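Based on the sequences and whatever the hints tell you, model everything.
So the protein sequences, as listed, match chains A and B. For the first sequence, the numbering used here assigns the number -16 to the initial residue and increments by one for each residue that follows. For the second sequence, the numbering used here assigns the number 546 to the initial residue and increments by one for each residue that follows.
Every clue listed holds true.
Cross-link-like lysine-lysine pairs, in silico, DSSO-like; alpha carbons within 30 angstroms at most:
{"id": "1", "chain 1": "A", "residue 1": "LYS214", "chain 2": "B", "residue 2": "LYS638"}
{"id": "2", "chain 1": "A", "residue 1": "LYS214", "chain 2": "A", "residue 2": "LYS204"}
{"id": "3", "chain 1": "A", "residue 1": "LYS204", "chain 2": "B", "residue 2": "LYS550"}
{"id": "4", "chain 1": "B", "residue 1": "LYS638", "chain 2": "A", "residue 2": "LYS204"}
Calculated from the model, a selection of chain A residues having no Cβ within reach of chain B, i.e. all distances over 10 angstroms:
{"id": "5", "residue": "MET(-16)"}
{"id": "6", "residue": "ASP36"}
{"id": "7", "residue": "ALA43"}
{"id": "8", "residue": "PRO68"}
{"id": "9", "residue": "VAL92"}
{"id": "10", "residue": "GLU151"}
Honestly, the hints are just simulated from the structure, not real lab data. Remember, it's a predicted structure, so these values are computed and weren't measured experimentally. Every residue, glycine too, gets a C-beta built ideally from N, C-alpha and C.
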Amino acid sequence: MLAFILRRIMQSVVVLFVMSLIVFSMINLVGDPVDMLVNPESLPEEIDRVRRDFGLDQPAYVQYWKFLTGALSGDLGNSFIFGRPALALMAERFPATLELATTALVIAVTVGLPLGVYAGLRPNGWGARIIMGGSVLGISVPTFWLGLMMIIVFSVILGWLPVSGRGETAVFFGIESSLFTVDGLKHIILPATNLALFKIAMVIRLTRAGTEEVMAQDYIKFARAKGLSSKRIVRAHLLPNILIPIITVLGIEFGTLIAFATVTESIFAWPGLGKLVIDAIVNLDRPIVVAYLLFVVALFLVLNLVVDIIYAVLDPRVRLQGEEG
Amino acid sequence: MNPTKLLSIQGLRTEFPTPDGPLAAVNGVNLEIARGDVLGIVGESGSGKTVLGLSIMGLVDQPGRVTAGRITFDGTDVTNYSEAQWQGLRGNKVAMIFQDPTTSLNPVQRIGAQMIEAIQAHRDISSDAARQIVREAMVRVGINSPDERLEAYPHQFSGGMRQRVVIATALLNAPDLIIADEPTTALDVTVQAQILRDMRRLCRDTGTALIWISHDLGVVAQIAHRVAVMYAGRIVEQGATEEMLKSPSHPYTVGLMASMPANTPRGQRLASIPGGLPQLSNLPKGCSFAPRCTHATEACEILPDLCFTSANHAVRCVSPLHERGQHATGD
Ligand SMILES: Nc1ncnc2c1ncn2[C@@H]1O[C@H](COP(=O)(O)OP(=O)(O)OP(=O)(O)O)[C@@H](O)[C@H]1O
Ligand code: SF4
Ligand SMILES: [Mg+2]
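Written out as structure tokens, the structure reads:
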């Protein structure tokens, strides 16, 4: 196990390095950040000064070398706009996004899993048809449209929930989160549900397919022949077998929830990473964009590793590469 | 109904709906088994052996169901049992073993847990006590160092070992009847013979009745007191094993015997009955074997009954044969 993890970490470092090269070259092709930083009517000397201050007058490889040496000591550069370290800015925003993504994932699993199992156990029943129809809707309706509809219905017409923002937060066990206050919960319900809708549909489909497949297996028939109750069969035989692939997929999906919560965060003005990045892209704030993209790469590398380890723990047949026999 | 019989089946019909109309996988089967009896059921693939076994367990896959007939177990009519009542019976009074041991066990649960749950489903008993019963059952089926084995997962076992685990599981609650659906077909020949011997011994020791399903008459002959031959959902011949082997009377049974390896001279290909099973949703009017039968006449257009030709032998054929099987091959 340890050998496996070490090897994966080494591979990850290589991947990160290559990605940093790609990201850095790509970003140099897009626009001139100096145009965004100075008043268009400034004197040419003024513009040159700004360019020098940000090191943008140097050749690209020198800029990259500076970035790389900085990165190795944990410094991904300062934001052009805020003048503060990119990493610090991201770290400030990350908890809000993490909280949103986690809540969305929890909603997706608690809603999607039981519905999927139900639909898989009675694939031809009315309940299954309604659930599957709903899941088609969940997959095909655009997130932003649903988000707007939710705001109109629950916030504007019914007035039950706030329109936007994160609400009050509280500290609990050293974690600051809006999940610990009533106001915070009220604020998170809509964006988290909005973010979760697509995933609920996905969990339903995965679970339904897995349930149908597993229920047709001989070991389920043998379990029934032992005289086990349906409840016991679902708990002891169905769930452990369908959860393995579902957890694998969800691990990666969790990454996409964090990385691509952008639309939801914009609609609900959720002060997370997504909003920071959208602003950075609009303003050509290169250090933030580069730091964010590398963060996403690292996030997926870590999630992949974690998923592989969980997989090996859950499924006794799986042995990790490099593991002793 | 005879009260001494453990299992009695009358006119059992199990159907699956299909686009071409209902398919009767089991079509009017009568069977009786006494305590300690070993009944062999033979027939080629698709003749309804498995569905018959599943019907006795109340385990027919939806949308299939038993549409006619009666199953009486130990004096109680179980035909219309609710799911909860079936659960009380399954694995407790009647156990079933399936063909493929590599797929009968849950791959992500430890062997011990899978066996213990079979006991706890029927008895209010501590896990430690259940574990003790499991250990003993494993030793009885020839699994050494059971404590280690209990903690293992199915993929760490060979096919033969897994089938032993399955058999041990079936024995846990000392059932009155075990239905073994081709339990050795997927195994090596040597392992097959061992398991066959063990099953025979175990059932004799415990007085458990056994239904042994196989497509191989030779295997069945080694273990069964009585044999029933199934064809297209019906029993076409039934009798004491020795008598059946000595004087097979249904043309289909004769064909089956001709295709037994033991009856084929070395170096010669196994004989097989030309043709295949009729479409079960669209059976011929009379005898369903008629399209393949070399003895068929007009009289066969009316379905013959299963008639006794001697005290221990019944045949469903208008003109039963009495030649000795090994001479009826016509080669
Ligand atoms: N779940 C099902 N749905 C539809 N038809 C079925 C189902 N199970 C069995 N059948 C049909 O019932 C008939 C009898 O099948 P069965 O499995 O009992 O045969 P078998 O004698 O056990 O054959 P084998 O030797 O291949 O195991 C077959 O025609 C099969 O197609
Ligand atoms: S009834 Fe006729 S067709 Fe059927 S097995 Fe007997 S002889 Fe052949
Ligand atoms: Mg079968």
